[in-house]
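2 protein chains.
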Amino acid sequence: MVISSLFWIVPISALTALLFAWIFFKGMKKQDPGTEKMQEIAMYVREGAMAYLKSQYTVVTKVFIVLALLLAVLAYMGVQNPFVPIAFLTGGFFSGLCGYLGMNTATWASNRTAQGSSKSLNQGLKIALRSGAVMGLVVVGFGLFDIALWFLLLTKVIFTPEHMATGLQWIGLTFVQKGIDQHQAFVEITATMITFGMGASTQALFARVGGGIFTKAADVGADLVGKLEAGIPEDDPRNPATIADNVGDNVGDVAGMGADLYESYAGSILSTAALGAALPAIVGQGDYQIKAIIAPMLVSAIGILLSIAGIYMVRTKEDASPKTLLRALLLGTGGSSALILVVLAVMAWANWITWGVFGAAVSGLAAGVIIGQATEYFTSDGYKPTQGIAKQSQQGPATVIIEGMAVGMFSTWVPVLTIVAGIIAAYGFAGGFYNFATGIYGVGFAAVGMLSTLGITLATDAFGPIADNAGGNAEMSALPEEVRERTDALDGLGNTTAATGKGFAIGSAALTALALVAAYMEEIKLWLGRLADKSVDGYKQIGDVLFYKSHAPAVIQAGQHAVQVSDAGIKDFVSAYNLSLFNPILLAGLFIGAMMCFVFVAMAMKAVGRNAGRMVDEVRRQFKEIPGIMEGTGKPEYAKCVAIATKGAQKEMVVPALMAIIVPVVTGIIFGVPGVVGLLMGGMTTGFTLASMLNNAGGAWDNAKKYIERGNYGGKKSECHKASIVGDTVGDPFKDTCGPSMNILIKLMSMVSVVMAGVTVAFSLFGK
Amino acid sequence: MVISSLFWIVPISALTALLFAWIFFKGMKKQDPGTEKMQEIAMYVREGAMAYLKSQYTVVTKVFIVLALLLAVLAYMGVQNPFVPIAFLTGGFFSGLCGYLGMNTATWASNRTAQGSSKSLNQGLKIALRSGAVMGLVVVGFGLFDIALWFLLLTKVIFTPEHMATGLQWIGLTFVQKGIDQHQAFVEITATMITFGMGASTQALFARVGGGIFTKAADVGADLVGKLEAGIPEDDPRNPATIADNVGDNVGDVAGMGADLYESYAGSILSTAALGAALPAIVGQGDYQIKAIIAPMLVSAIGILLSIAGIYMVRTKEDASPKTLLRALLLGTGGSSALILVVLAVMAWANWITWGVFGAAVSGLAAGVIIGQATEYFTSDGYKPTQGIAKQSQQGPATVIIEGMAVGMFSTWVPVLTIVAGIIAAYGFAGGFYNFATGIYGVGFAAVGMLSTLGITLATDAFGPIADNAGGNAEMSALPEEVRERTDALDGLGNTTAATGKGFAIGSAALTALALVAAYMEEIKLWLGRLADKSVDGYKQIGDVLFYKSHAPAVIQAGQHAVQVSDAGIKDFVSAYNLSLFNPILLAGLFIGAMMCFVFVAMAMKAVGRNAGRMVDEVRRQFKEIPGIMEGTGKPEYAKCVAIATKGAQKEMVVPALMAIIVPVVTGIIFGVPGVVGLLMGGMTTGFTLASMLNNAGGAWDNAKKYIERGNYGGKKSECHKASIVGDTVGDPFKDTCGPSMNILIKLMSMVSVVMAGVTVAFSLFGK
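Protein chains in written order, with this note's numbering: chain A, 1 to 768; chain B, 1 to 768.
The set of hints was computed from the structure by calculation and includes no laboratory data.
Among the clues, some could well be false.
For chains that are exact copies, the list does not tell them apart, and a pair is met inside one copy or across any two.
Unchecked claim - Distance condition first, Cα-Cα at most 35 Å in a straight line; then the derived DSBU-like pairs of lysine-lysine:
1) Lys717 with Lys624
2) Lys717 with Lys323
3) Lys706 with Lys227
4) Lys635 with Lys126
5) Lys722 with Lys706
6) Lys384 with Lys227
7) Lys722 with Lys323
8) Lys640 with Lys384
9) Lys391 with Lys651
10) Lys30 with Lys54
11) Lys647 with Lys722
12) Lys384 with Lys624
13) Lys391 with Lys640
14) Lys716 with Lys571
15) Lys119 with Lys62
16) Lys716 with Lys624
17) Lys119 with Lys635
18) Lys391 with Lys54
19) Lys62 with Lys384
20) Lys722 with Lys227
21) Lys647 with Lys384
22) Lys549 with Lys571
23) Lys647 with Lys391
24) Lys651 with Lys384
Extracted from the complex, chain A is given alone in its bound form:
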């Protein structure tokens, strides 16, 4: 099949990203690794992190093998696409590889950042940011590379003109149907490619949930015994859990965040391409379809190049203040975003996308920025909400908790109204409110626009935990106070960029999930066609609608309505499946979707609690049994704490992860398409709101504590400080385990539904 020659920018950009990731990695390795003590501590963290990854990937590999086999069985039953089992594995593999590379880099970078900071702030900033950029660039590089590879394979090797003429079958599976035309071939290719996202989604789920359980168990464990019981400061080398705590930062905030955004990145590009392929024909524009498919890939590809340029733009003077630092970072991220708008405008001018789609992409970017700013407002101690929590500490821990919950819940109004405005604007700009297909393509493009400069935004995200670890390294290596001050400045900067990063992560998750739900209907359409093909009469009846593949049914009864599958639009599906809110089956799905979010959070929270309990026991044991540990003469067994948290996380992550995969499948089988649509929309709305609440409450508690530590309300070791530590401890699983997991849950449930569309169409009991 003929694809535009501009497409080649896509794989080239992907490889460029990987090249620069390698350059940044090598550059970081060449830096001064610091004293022997610093290297030793970094080695502990690195070994712990790698041990964790090894253990996690062992579990995940097993799960992947089982799921791939199940998908293969479904393919043989004719209700699953034959490419999916393999593509599922490649998606999972590349996402996992990114996690490994990003974490490997981060753990080499921490002592070098600490050492760099001992020379100058600029030196520390550069090392940390470029090390973070490795994570950012491998995610976008491998993400886009996987997409380009499959797109080339499918268009150039599988769907060749010859295969399309004669059909392609192999070991009893149909890969290309006989007589398919180019337009339909593109629809099939893109609809198939979305399902490749499931590998990335599943990997992301385990990375986020497992990583979240590990990191917070280590953190809570270290805090409860070390800070509260033994009264030693954070990152004190006498605390056996302190290495595990540093490992956790890498596991959760580097690998987990990377896998999360890998999924959003791949999911948004793939679903937008599929929605583009299914757009109704535009008169007089023969190549509109291929343009609509390639446009999201192209934007992402150019976004990579701009991200690399942005990373080089970040530099500061030697004696920079935190404000200058922030401005330097904003120059990089803001500059890349501004330039991507120029690129989009050029594309609109060259008729690659409409100006409406341009408007949609702008809406997406704007929504991401606003959500990030609101996160900053509600969680930074420069503003009233967080200060209000600190104030409540005067009345003890209970009122700290009540106020923090209230702040978190209240804060949801901004992200919700923003995402609502973003969706309506993207939909309205692109489709003018009357055309669903182009409107929803616009929503997909809003997500693509938001994530196009992920290379640099993820770099500024991964920068945070590296700076945090550098601080830990400096503390444990007893470097001079001024080094710690510099790494603290970098860490503080990381917290601000993390707020923006979280805004993008959750905003893009909602938009991606919505695009996936729309793509789900395309998937249903594809399977209706396949099943209509197989049926004796050549059509498939759903509700009052007869979907036919080649010829209209001979007899149509009163009240029935016949539609050719390839012409079927959203209105036909709404009517056939009764996708109105007044269908009790759909309402059941909506309820279950809302409930799923709460139950998932509960499971993640309990898992953190149990794992933290194991950690507490171990730390208490070491304090009691190792002689001289408190005097600094006895050596804590760091590795044991890491091993315990690792084992616990592996054990705890399986049940919630499997639930997220199984519930959409079971809902599909019992309640059919309306049940699934209800489930996804219910999960999306409640999950998005709940995630905003959890993230903001957690962040606000954290910073309220820091506000008190800076001398307010009695400062460190006061009763107010103790009360605020309770809030911080409660907030840990809120903001670093449960909130981020919601992103994955809403995307994964959509992805699973997309992949299982064939099963739903073929087997659903109710809800037809």
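Put chain B on the given structure of chain A with help from the hints.
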């Protein structure tokens, strides 16, 4: 108009309820009021409660006058029914009257129950239950009386055959349209009567939110300073907030709960009657419509008589154990419920309702019982979830909070799946899944069935706070230990029945809200007809559908569809307004509905926090300034605490209450019908789940504390106990302010939408 003579059972039963309420009140007053000290303490509580009510009703009256004026203006603009402004006031008045009568009884009863308990357990039980029954009976009595009164007025005085022939106009407003037939008249009457529920809804909102803020501010304030700081036991007369705490039990659990269920009771009967009037004609059954309208009223009327019988059934031996006590209560509530099933079966046998509707009512009752049982499981310290929270207290308050949150969130799966099963069963039984109108009538009937024996279930609910207050009275009057033990046994019993009561309250709220959403569409239909009447062409176009009143439009364009308003069904509305989940406007509503629940809870929580803060300051002041207060020689200023909590509650309740009223109106004006439907469904699903979480987490924390107080994990005054008190304090606003407020929020938003349907149809900007 001719109505069935069986209808007269309805007003007679209502008056019977009021008669027995009077009898029970007089009976209670005749009991021994106890020592002078006991009477004095009861007087403090009574005066505080009445001062609170007076203050609340002053604010509420102002709000009602403003709202009634606004409704009158809308009526003059032709977008509001002319009966509504008056009916709004009667609904609010009767609901408020119930609150007054119930609380008046409860405050006279507490010392008499304490005195009764000093004689025997049976004596205490009887006084407390029959006093609680006053609340139960005035709620059902006035609720049904108001409905019967309006129904008689409308059918016998307003919609007379003469008025229907000539039309009825007065001061420029149309009360009866000229030439209306009997069938349509019943549709108009019942659709109008639903809007009467808004008075009850608004009153309930203020009662629940204001009462919730008062009671928890008093409770938290008393606990924080009294228990934690001063180290004096609960209900100690030296604590200045202790009277306010007792007042709070009456204000929140008696008046608040009563108003909440008054609203559900009236709302479910009225919406079911309206859905019944709109049922499609059944061939050969001329009187099907009047039967369908009166059936829900009739079931409720007979339920009243069975409730009274049930109250007389509750008696126990003098030396009864708590288990025997529970069995005695269950005999009353269970017996009434079993008998109502027999009545329903007789009605089905006599062709008043179908057997399908009978099945629907059974589904509703079953759902209520299961949700209540699950509440009991997740919150009673006899089971693992609550014991697990107690166990976490060993690691301090933070893990108590995390575990409690997890228990609350996890527990949502039972109520959600139960209500889903209940809705699907009710819908399926009544309508066989193919008939929306009869299916949703079944859902309404499920709510009616659930609430038919409200007379006795509310009695067992109000029994709890009376027993609690009796305990407080006994403690403060220094009665012998055995009296306190007996009142504690009664109080414990009250907690168990409260769990079931909460299950019914939230289950019925969800079903009522769903029936109201369906009734909303009937209201929209009514207004479409009125506006079509007024339009030049005689029709109103919404989307692709032309709704006409008398003659089909002459010209219908391609893709358009014309339907006579009176024949329009749910499918026409779904198509006209695009009520699918793929309408971004509807999706916007869904998001906003979910968000509203979180923001409302946040506001209520902050209000409690602020009000508790004022209380803490006052109690601290009194401890410091009043000489001899700790030695029992100085007298605390109880009334000041009550006044402060009262003033605070009035101030705090207005903003969230107005938000609950304004948001649906604004949503309707901006996003039209699809936005409103999304808002209501989003609010219903998220609100129901969130309410379950808040109620169960709060209940579990409370009982985990009690579990420790009974000697586990070190018992009273241990570190574990302190940690568990933090959980209990956080749980107080969860379970007694925010959770119950969710019931009101989801019903009120539906009710406001119903009342404002005319405004939405006439003025909405988007979403057509």
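How the hints compare with the structure:
no.	hint	in the structure
1	Lys717 with Lys624	both (24 Å within a copy, 26 Å between copies)
2	Lys717 with Lys323	within (29 Å within a copy, 49 Å between copies)
3	Lys706 with Lys227	both (14 Å within a copy, 29 Å between copies)
4	Lys635 with Lys126	within (34 Å within a copy, 68 Å between copies)
5	Lys722 with Lys706	both (12 Å within a copy, 25 Å between copies)
6	Lys384 with Lys227	both (27 Å within a copy, 30 Å between copies)
7	Lys722 with Lys323	within (30 Å within a copy, 43 Å between copies)
8	Lys640 with Lys384	between (42 Å within a copy, 30 Å between copies)
9	Lys391 with Lys651	between (39 Å within a copy, 21 Å between copies)
10	Lys30 with Lys54	within (26 Å within a copy, 77 Å between copies)
11	Lys647 with Lys722	both (30 Å within a copy, 32 Å between copies)
12	Lys384 with Lys624	between (43 Å within a copy, 31 Å between copies)
13	Lys391 with Lys640	between (39 Å within a copy, 25 Å between copies)
14	Lys716 with Lys571	neither (62 Å within a copy, 64 Å between copies)
15	Lys119 with Lys62	neither (46 Å within a copy, 69 Å between copies)
16	Lys716 with Lys624	both (26 Å within a copy, 28 Å between copies)
17	Lys119 with Lys635	within (30 Å within a copy, 68 Å between copies)
18	Lys391 with Lys54	between (44 Å within a copy, 33 Å between copies)
19	Lys62 with Lys384	between (48 Å within a copy, 32 Å between copies)
20	Lys722 with Lys227	both (10 Å within a copy, 19 Å between copies)
21	Lys647 with Lys384	between (41 Å within a copy, 25 Å between copies)
22	Lys549 with Lys571	both (18 Å within a copy, 26 Å between copies)
23	Lys647 with Lys391	between (39 Å within a copy, 23 Å between copies)
24	Lys651 with Lys384	between (40 Å within a copy, 21 Å between copies)
Checked against the numbered hints above, the structure breaks hints 14 and 15 and satisfies the rest.
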